[in-house]
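Turn these sequences into a full structure, and let the hints guide you.
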Amino acid sequence: MPSADWTERVALLRRLPYFAVLDEPILQAIAGEMRCRTCSAGEIVIVEGEPCAGLFIVQTGRLQIVRSSLQGREQILHFASPGESFNDVPVFDGGPNPATVQALEDSRLFVIEHPLMLALLDRYPQLARAVVGVLATRCRQLVALVQDLSLHTVTVRLAGLLLDQAEHPDPPTLTRAQMAARLGTVREMISRSLRELEQEGLIRLDGPRIVIIDRVGLACRAQRPT
Amino acid sequence: MDKFLPLIDVVLCDGCGLCVTRCANQALGMVDGKAAVIDPERCNYDAACEAVCPTSAIALPYQVVFAASE
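First to last, the sequence lines map onto chains A and B. Mapping of the first sequence onto our numbering: residues 1 to 226, in sequence order. Mapping of the second sequence onto our numbering: residues 1 to 70, in sequence order.
Among the hints, a few may not be true.
[To be verified] Among chain A residues calculated to face chain B with C-beta under 8 Å, some are:
#1 V47
#2 L162
#3 A166
#4 P171
#5 T173
#6 L174
#7 T175
#8 A177
#9 M189
#10 S191
#11 G207
#12 R215
[Unchecked claim] The following residues of chain B were derived to be distant from chain A, with all beta-carbon distances above 10 Å:
#13 V20
#14 T21
#15 G33
[To be verified] Stretch-level coverage of chain B by chain A, calculated; a stretch enters the list once three of its residues show a Cβ under 8 Å from a Cβ in chain A:
#16 9-16
#17 39-50
These are computed hints drawn from the structure, not numbers from a lab. Please read all numbers here as calculations on a predicted model, not as lab measurements. The C-beta atom is built at its ideal place from N, Cα and C for all residues, glycine as well.
As structure tokens, then:
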């Protein structure tokens, strides 16, 4: 009978679009090949530019995927939560890690090595199709990010970020520096934009809470459909 | 809910004391040469300490919520 850990591994694989299409015996075989890794909040898991460290799957915790400039400016590309993967691209193109990943909470991860993923792709065409689908989704997200960074002001982007945060079922807190890293700007610009939104009567700074007092108005400011 | 307080990164803090001088409520002080929240009850979360910190060692976490009427 499979152990609880084994059952959890298979259940985790089943949550990923990549592996949900595969049959139970194949999932069990992959589960046996995965390497477990735990990391503490704040720990750097992989570093941008280093050789591919494999495909990572998050079982517990939360991590941020970040690109940094030489001047120390950061752009958060996205967050990885339980049931999601990261470092997908180098697993398939053999290149270096495209971004640095840092744990925001104590996290438990599983790693599937690059050669195993390639072997699985050769054997299971349904997996290859699922991979194409996931990469296409990531591509759309990056195109949306490029559009956001190039066409919208910081205040417009901040309005959207605040709406996303408030709508999140379990929203983590955000500092001004984290907002800046999400929006590709600096902390001072975030302060200025928060003041702007407050003066427009869309939000209110109430101690440690940013209260959205005009949801529709903020959505208009974010150039989103209301 | 626990009271939210400024987060101070003691590695980044160079002990310049600007935040302590700027805090209108004397919520901050120096402990072992580093800035620290010494009186949490006095902190009014005005972010003056964060704005003045030259090493970005201070950060205030925020929750984003809809107003009850929304």
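Now for the hints, and whether the structure bears them out:
1. V47: Given a least distance of 19 Å, the restraint on A/V47 is violated.
2. L162: 5 Å, holds
3. A166: Since the shortest Cβ distance to chain B is 5 Å, the answer is holds.
4. P171: 6 Å, holds
5. T173: Hint holds; A/T173 Cβ to chain B Cβ min 4 Å, cut 8 Å.
6. L174: At about 6 Å, which falls below the 8 Å cut-off, the nearest Cβ of chain B leaves the hint on A/L174 intact, so it holds.
7. T175: 4 Å, holds
8. A177: 5 Å, holds
9. M189: 13 Å, violated
10. S191: 7 Å, holds
11. G207: 4 Å, holds
12. R215: With a minimum Cβ separation of about 5 Å from chain B (threshold 8 Å), the hint on A/R215 holds.
13. V20: Holds: least Cβ distance 20 Å, greater than 10 Å.
14. T21: At about 20 Å from chain A, B/T21 clears the 10 Å cut-off, so the statement holds.
15. G33: Consistent with the label, B/G33 stays out of reach of chain A, its closest Cβ about 22 Å off (over 10 Å).
16. 9-16: violated (count 0)
17. 39-50: The restraint on the stretch 39-50 of chain B holds, since 4 of its residues have a Cβ under 8 Å from chain A and three suffice.
Violated hints, listed in ascending order, are 1, 9 and 16; each of the other numbered hints is respected by the structure.
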